[in-house]
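Model the full assembly from the supplied sequences, consistent with the hints where possible.
2 protein chains.
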Amino acid sequence: MNFLEERIVKDGIVKEGNVLKVDSFLNHQMDVELLDKIGEEFHRRFAGKEVTKVLTIEASGIAIAYATARYFGVPMVFAKKAKSINIDGDMYTAEVESFTHKNKNQVIVSKKFLSSEDKVLIVDDFLANGCALQGLISITEAAGASVAGIGIVIEKGFQYGGRSIRNLGYQLESLAIVESMDAATKTIVFREQMA
Amino acid sequence: MNFLEERIVKDGIVKEGNVLKVDSFLNHQMDVELLDKIGEEFHRRFAGKEVTKVLTIEASGIAIAYATARYFGVPMVFAKKAKSINIDGDMYTAEVESFTHKNKNQVIVSKKFLSSEDKVLIVDDFLANGCALQGLISITEAAGASVAGIGIVIEKGFQYGGRSIRNLGYQLESLAIVESMDAATKTIVFREQMA
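Residue numbers (the numbering used here), protein chains in the order written: chain F, 1 to 195; chain Y, 196 to 390.
To be clear, the hints were calculated from the coordinates, so they are not data collected in a lab. Check before you lean on any hint, since a few could be wrong.
[As the list claims (entries may be wrong)] Reference listing, derived: stretches of chain F covered by chain Y, where coverage requires no fewer than 3 residues with Cβ under 8 angstroms from a Cβ of chain Y:
(1) 58-64
(2) 110-124
(3) 148-156
Each residue gets a CB set at the ideal place from its N, CA and C atoms; glycine is no exception.
Dropping the structure here:
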């Protein structure tokens with residue numbers, strides 16, 4: 001097991017309905033040393049790629065993107081979930097359905113911050129059905145930028161998001177892929193991955 | 196001028212209605228080197244204080260809190276803006292009005308992540324009327340924890356939030372305090388502060 005899988009086993013909580021709670025270290029309370037390690041690991045996995053920007057979606061993605069952008073020495077951009085009066089009219093938009101919140105959001109990125117020159121590393125904390133990720137990919141492509149890669153902290157391997165995105169040809173790196181979870185026995189099975 | 200005031204003058208955009216847009220480096224696209232400096236500066240300003248946790252509110256506060264928590268070597272916690280099915284019933288709540296979005300939000304922090312032992316450094320990107328901050332203070336006090344200090348990146352000194360919070364006796368450190376802005380002449384006047 002890698003550092004993240006070990007931490008999930010130690011502090012993650014499996015709930016009924018295939019819910020994995022990692023709110024003590026990843027998406028409510030955040031362990032900053034772990035975040036630093038996540039950034040370092042994404043940098044290692046995409047070392048061969050040119051990256052000019054790290055893109056994510058609010059809220060918990062922001063810490064992941066910051067951690068990663070520090071290692072690449074590039075700016076990070078986070079897509080926002082609703083129209084704010086502080087955002088100019090000129091923006092890329094995509095519609096995204098949230099697995100967690102069971103609702104739809106418009107996500108937006110100002111056109112100022114993505115250009116056709118950009119090589120974008122997209123990162124997020126969770127990948128389940130892939131809706132958020134598809135929104136970020138579509139925004140990147142609307143900008144004429146290219147997707148350098150996709151880094152996910154925890155992928156739910158039993159949902160179809162990861163497979164469909166890999167089928168599209170993207171380099172998708174998930175630090176932990178949960179193959180199955182059992183709330184009764186509190187066990188988590190991870191997919192074997194090359195180190 | 197300090198590093199932040201210089202950056203605001205260089206890349207901030209003054210709009211009608213006392214809107215200061217810093218979305219190219221602070222709250223949409225984020226300059227990670229600048230964030231690192233912000234964390235370092237909060238660590239310097241609260242060097243005499245014991246801090247066990249850094250608390251903020253989603254979304255843009257997350258990067259500020261992470262940057263700061265790295266320097267203190269403590270976890271950070273971000274308050275969430277709506278009830279999520281992934282959060283347990285047991286949480287502290289406060290009602291917060293958003294100046295930017297002109298709406299009210301319930302903000303919540305799980306009781307697991309704040310205890311009466313905690314010395315909490317509260318940080319956020321903006322301080323205007325202080326509603327978000329008051330929500331975070333009330334959550335901290337509901338937990339029986341103490342407020343070690345409050346760190347704000349940009350304070351709108353012409354609104355009443357900063358004054359009312361200082362009057363309550365908290366150590367509030369704002370890295371830049373905007374005294375006035377003029378959209379026509381594109382000028383920003385900062386309050387003089389001790390270095």
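Verification of the hints:
1. 58-64: Answer holds; 5 residues pass the 8 angstroms Cβ test.
2. 110-124: Satisfied; 3 residues make the cut.
3. 148-156: violated (count 0)
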